Amino acid sequence: MLRRVFSWIWPIEVVRTQGHFGELAVRWEDGKLVLNSANGNQSFGSLHRVWQRTLKQVLQPNALPRSVLLLGYGGGSVPRILQEEWGSTAAITAIELDPRMIELARAHFGLDQYCDLNVILGDATIRIHALRERFDLVLVDLFDDLDLARGVDSSAFMHGLRERCDEHGVVCFNTVAFDPESEERCQAVHDHAQRVFHEVNELKLEGMNRMFILR
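Residues 935 to 1149 in our numbering are what the sequence shown spells out, letter by letter.
Just to be clear, a hint being listed does not mean it is correct.
In the DSSO-like style, the derived pairs of lysine-lysine whose C-alpha atoms are separated by at most 27 Å in a straight line are [stated by the list, open to error]:
| id | residue 1 | residue 2 |
| --- | --- | --- |
| 1 | Lys1138 | Lys990 |
| 2 | Lys966 | Lys1138 |
| 3 | Lys966 | Lys990 |
Rather than coming from a laboratory, the hints here were simulated on the basis of the structure. In this text, all values refer to a predicted model and were calculated from it rather than measured experimentally.
Work out the full structure, taking the sequences as your base and the hints as a guide.
Shown next, in the form of structure tokens:
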């Protein structure tokens, strides 16, 4: 409790470790336990707010999704938002590449408390093509620290998303634009989406997040 209180004055580190893409740290910040990479928040900080605002835009309280595909589990912001803030009982299939991320999520962020959650260890850009189920809601949050993960700005990955999304479902694709190269990759995601989906909308969040809403 004292660490939570003092974290309003300065961040208090709980654990620091090496993940698949670099350093990961669990810290108390502003009274909240968060998961950070070297240069950005991975769960429960600014990224948590990004997904709160996104889901507020796409979800309807009386018509919540029955099935969710989450590409990039991180520390578990999305399951917490869906189940604790929306009261969702949807089955969640999550794919996460970094085993250390899963360990931290289990040890510090209650991974095992969520109902009907199946976390698959693997590369989402590959595993998506092996799935057969279609989902009402597909959420994409795949990064190497602040950079988009390799392969997510490809036509093949976008077609994989389309194939896994139910006919009346929605895909929310998180990207970050903070320099010319990342802006170019965001634009590639947008352009591929326009060729594959019927409708592409964009939310600009937290300064540099570009969230594409695809239907």
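Comparing the hints with the structure gives:
Distance hint between lysine 1138 and lysine 990 is fulfilled; the C-alpha atoms sit about 14 Å from each other, no more than 27 Å. The hinted pair formed by lysine 966 and lysine 1138 meets the criterion: a straight-line CA distance of about 24 Å does not exceed 27 Å. Between lysine 966 and lysine 990, the direct Cα distance comes to roughly 21 Å. Compliance with the 27 Å bound is thereby established for this hinted pair.
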